[in-house]
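Full structure from sequences and hints, please.
Protein chains in written order, with the working numbering: chain U, 1 to 472; chain S, 1 to 472.
I should point out that these hints are in silico values taken from the structure, not numbers from a laboratory.
Just so you know, same-sequence chains aren't split out, so a pair can sit in one copy or run between any two.
Lysine to any residue pairs mimicking SDA-like chemistry, simulated, CA-CA at most 25 Å apart:
hint	residue 1	residue 2
1	Lys184	Thr466
2	Lys431	Arg117
3	Lys2	Thr255
4	Lys189	Leu179
5	Lys191	Thr176
6	Lys2	Gly374
There are 2 protein chains.
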Amino acid sequence: MKRTKVVDALKLTDFGSTVNVKGWVRTHRSSKAVDFIALNDGSTIKNIQVVVDPSKFDAEMLKQITTGSCISATGVLVESQGAGQTVEIQCESLEVYGLCGSDYPMQKKGQSFEYMRQYAHMRLRTNTFGAVMRIRHNMAMAIHTYFHEHGFFYFHSPIITASDCEGAGQMFQVTTKNLYDLKKDEDGKIKYDDDFFGKQTSLTVSGQLEGELGATALGAIYTFGPTFRAENSNTPRHLAEFWMVEPEVAFIDLTDLMDLEEDFIKYCIRWALEHCQDDLEFLNKMIDKGLIERLKGILESDFVRLPYTEGIKILQDAIAKGRKFEFPCEWGDDLASEHERYLVEEYFKKPVIMTNYPKAIKAFYMKIDDEESGFGGKSGQTVQGTDVLFPQIGEIIGGSVREESLEKLTAEINERHIPMKDMWWYLDTRKYGTCPHGGFGLGFERLILFVTGMQNIRDVIPFPRTPKTAEF
Amino acid sequence: MKRTKVVDALKLTDFGSTVNVKGWVRTHRSSKAVDFIALNDGSTIKNIQVVVDPSKFDAEMLKQITTGSCISATGVLVESQGAGQTVEIQCESLEVYGLCGSDYPMQKKGQSFEYMRQYAHMRLRTNTFGAVMRIRHNMAMAIHTYFHEHGFFYFHSPIITASDCEGAGQMFQVTTKNLYDLKKDEDGKIKYDDDFFGKQTSLTVSGQLEGELGATALGAIYTFGPTFRAENSNTPRHLAEFWMVEPEVAFIDLTDLMDLEEDFIKYCIRWALEHCQDDLEFLNKMIDKGLIERLKGILESDFVRLPYTEGIKILQDAIAKGRKFEFPCEWGDDLASEHERYLVEEYFKKPVIMTNYPKAIKAFYMKIDDEESGFGGKSGQTVQGTDVLFPQIGEIIGGSVREESLEKLTAEINERHIPMKDMWWYLDTRKYGTCPHGGFGLGFERLILFVTGMQNIRDVIPFPRTPKTAEF
Numbered sequence: 001m002k003r004t005k006v007v008d009a010l011k012l013t014d015f016g017s018t019v020n021v022k023g024w025v026r027t028h029r030s031s032k033a034v035d036f037i038a039l040n041d042g043s044t045i046k047n048i049q050v051v052v053d054p055s056k057f058d059a060e061m062l063k064q065i066t067t068g069s070c071i072s073a074t075g076v077l078v079e080s081q082g083a084g085q086t087v088e089i090q091c092e093s094l095e096v097y098g099l100c101g102s103d104y105p106m107q108k109k110g111q112s113f114e115y116m117r118q119y120a121h122m123r124l125r126t127n128t129f130g131a132v133m134r135i136r137h138n139m140a141m142a143i144h145t146y147f148h149e150h151g152f153f154y155f156h157s158p159i160i161t162a163s164d165c166e167g168a169g170q171m172f173q174v175t176t177k178n179l180y181d182l183k184k185d186e187d188g189k190i191k192y193d194d195d196f197f198g199k200q201t202s203l204t205v206s207g208q209l210e211g212e213l214g215a216t217a218l219g220a221i222y223t224f225g226p227t228f229r230a231e232n233s234n235t236p237r238h239l240a241e242f243w244m245v246e247p248e249v250a251f252i253d254l255t256d257l258m259d260l261e262e263d264f265i266k267y268c269i270r271w272a273l274e275h276c277q278d279d280l281e282f283l284n285k286m287i288d289k290g291l292i293e294r295l296k297g298i299l300e301s302d303f304v305r306l307p308y309t310e311g312i313k314i315l316q317d318a319i320a321k322g323r324k325f326e327f328p329c330e331w332g333d334d335l336a337s338e339h340e341r342y343l344v345e346e347y348f349k350k351p352v353i354m355t356n357y358p359k360a361i362k363a364f365y366m367k368i369d370d371e372e373s374g375f376g377g378k379s380g381q382t383v384q385g386t387d388v389l390f391p392q393i394g395e396i397i398g399g400s401v402r403e404e405s406l407e408k409l410t411a412e413i414n415e416r417h418i419p420m421k422d423m424w425w426y427l428d429t430r431k432y433g434t435c436p437h438g439g440f441g442l443g444f445e446r447l448i449l450f451v452t453g454m455q456n457i458r459d460v461i462p463f464p465r466t467p468k469t470a471e472f
Numbered sequence: 001m002k003r004t005k006v007v008d009a010l011k012l013t014d015f016g017s018t019v020n021v022k023g024w025v026r027t028h029r030s031s032k033a034v035d036f037i038a039l040n041d042g043s044t045i046k047n048i049q050v051v052v053d054p055s056k057f058d059a060e061m062l063k064q065i066t067t068g069s070c071i072s073a074t075g076v077l078v079e080s081q082g083a084g085q086t087v088e089i090q091c092e093s094l095e096v097y098g099l100c101g102s103d104y105p106m107q108k109k110g111q112s113f114e115y116m117r118q119y120a121h122m123r124l125r126t127n128t129f130g131a132v133m134r135i136r137h138n139m140a141m142a143i144h145t146y147f148h149e150h151g152f153f154y155f156h157s158p159i160i161t162a163s164d165c166e167g168a169g170q171m172f173q174v175t176t177k178n179l180y181d182l183k184k185d186e187d188g189k190i191k192y193d194d195d196f197f198g199k200q201t202s203l204t205v206s207g208q209l210e211g212e213l214g215a216t217a218l219g220a221i222y223t224f225g226p227t228f229r230a231e232n233s234n235t236p237r238h239l240a241e242f243w244m245v246e247p248e249v250a251f252i253d254l255t256d257l258m259d260l261e262e263d264f265i266k267y268c269i270r271w272a273l274e275h276c277q278d279d280l281e282f283l284n285k286m287i288d289k290g291l292i293e294r295l296k297g298i299l300e301s302d303f304v305r306l307p308y309t310e311g312i313k314i315l316q317d318a319i320a321k322g323r324k325f326e327f328p329c330e331w332g333d334d335l336a337s338e339h340e341r342y343l344v345e346e347y348f349k350k351p352v353i354m355t356n357y358p359k360a361i362k363a364f365y366m367k368i369d370d371e372e373s374g375f376g377g378k379s380g381q382t383v384q385g386t387d388v389l390f391p392q393i394g395e396i397i398g399g400s401v402r403e404e405s406l407e408k409l410t411a412e413i414n415e416r417h418i419p420m421k422d423m424w425w426y427l428d429t430r431k432y433g434t435c436p437h438g439g440f441g442l443g444f445e446r447l448i449l450f451v452t453g454m455q456n457i458r459d460v461i462p463f464p465r466t467p468k469t470a471e472f
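Below, the structure written as structure tokens:
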């Protein structure tokens, strides 16, 4: 008999028909007259109740079906008598695929997330992680669908790279060299001509530069892949391996870019509310009581578009009125998290797209404002960067219009002492038919944190990679 | 004025209206009376023709607009007089974003693919690579859409791993160790406790084992991410970094698996035929005259489902009748490419799903056939592996039902001397509520080769990583 997924079985209304479900036992309650088995197959956060008449089954077999066991149950679909469920199965036959010992690590409810991280391979079978993983899937699907519908092409930027894009943080080295027999040259430098790629290589920290190559050929692309930072940061916000989404578009200006950022992130959140209702309701109840309201709040608000220079004024006004901050905020300073939160959560009470930052605190490739820039840009001093700041999590998107002038870009690269020889292919985009373009980066796990209400980034990716942890 | 993408502009019919297009000049033909600029913006393989009255524009400016230049053209939409196009633009104003010198590497048509690989950042602007990349995007979108619609969840298996999954090929080492100061223990072994992850790590060769963790919790998952092989293979079929799709499903048997494989690959090919018509027509004309016919052929054929043992018989019959093969094919041998091609291209003339291979030539995790297996399996000797064999490219999918018995799996692991200590989490799926399950792997670039008719795998990924090559 063909299996029906639990998510589908729960929607059936042809009572009296026979259905088969398969899954893992969440709970098994026994009494003399009746056994109730709550069965889950991962297709939904909801369980289906299998009602078993113990007189019809082998008592020893029934007793062994404990939490975590995997079974197949066939029976008659009936309207449920219990609260909170509409459908249950009057069991006619049971098959046990796999029993589950009492040492099952997900045996008890209410284990700490820290405990569950040690069993990341088993935590996937819990309500919380099932919900998070289904939402994670849905957010990925929202991203692909959004870009596909808007004419962007999914573009696979390389993972192994010989160039250090933004110089952002430390990189992981990738090598096939025999570390027991490292050949060195006369100056004592390790020789890489015999390494796999004939040169020193590392894991990418961003696909943006390659993304620009794509956008200036295909018009609009997005990357969505793993990126890596070898930072020794043991925080709830950092992973050594995480997924990034980086769209890049030709022929856009700062307004287009901000429109894209706002439209895109709202699309993702709307998708979550429309496709992940059950999982969100669970998380809203168990993890974060303000979750759904906060998600809806994002959809309902027009994001504030705030030039950095104005932001600084607002913060300095607040300080003048007695608001205390730990860190200074003079024009030219990088804003601290407390400043961003003040603007987003206290002052505006909605998401803020901050723009036109001082050149010195942003990356070399951002378009330098000129007299005609508008938006509170200061000619020669600010760049057309955009950070989308969200309540609770701070920066969720960082983007910019890119400097398309070969001359200005080269000057910036020289001023920052970025080795030019690694950048020839990037500069070629400005040399041959350069065009205005821009894009942004979204840390995928940051989005999942926001959409699930989870607090630790290690709990929104199946198998987190952090300092000293590469288990599973 | 808002830009219209070329793909959309070409569909317009409101002649007389004013439109703006932006893009890169493919060709610029000048005469006394009129200039024709063929403009492409990457949104489609087709160019839009911009018709320029040279008397209305600065002659010097016009002269500079050569192949590769980036411009914005605004003008009146008119019905085209030329063959092969329905719409053109009578240019009223022109803006030059970026000129392009005569050293532009994509200047000439008909450059060799080998030449273009040196300019992988610029080849994206050519017809062939534009088509390939748009098809690549579409195949990714087909994959995500297929699995989403079928209730699979996208599951991110880790890239950096401390375990060597299948022992498949050589792996890339990932490290943050200072190679100039490698600490060693008393036995002279390099110490990894001070490496980033506190142990030796490498880049994944497959997400399958982690995928099984996902499937035995969420019911059905798929991975789609980069995988790595440090093999020194300089062939048109091998990349050191490539993308793999690996679905994994609980509660399926061999028939379900074969159905899934066939349905999935046909869905992808149907998607290409429906969504990539222009690009396929171009490739069919310029690269591979049999392409579209071959793709349609796949849709129209029921894949042959052939147990290995029967396949060997057919091959031995052919040999008996005088067919010559380079390699032997006795029961127990791994089939060579020539054998697969004989079966697919000569004997059956359609795709073949070969099943029930001898245990010894397949991976440790495949389900061992027993008396009840059917499908030509030999109890204890064969495993429920499935290779989908396609014309021209050979194996496009490799999959299997997985061994769900802890006892049998452990015996296999011991027999093959796979270090158990690295596998504890994998074995836990068999220990706690084990379930029948299976899945397959599809090399994404192999699919793109098949769908585009391209011959070299380096030409279907933006920036190929191969021995001695990690440029861009």
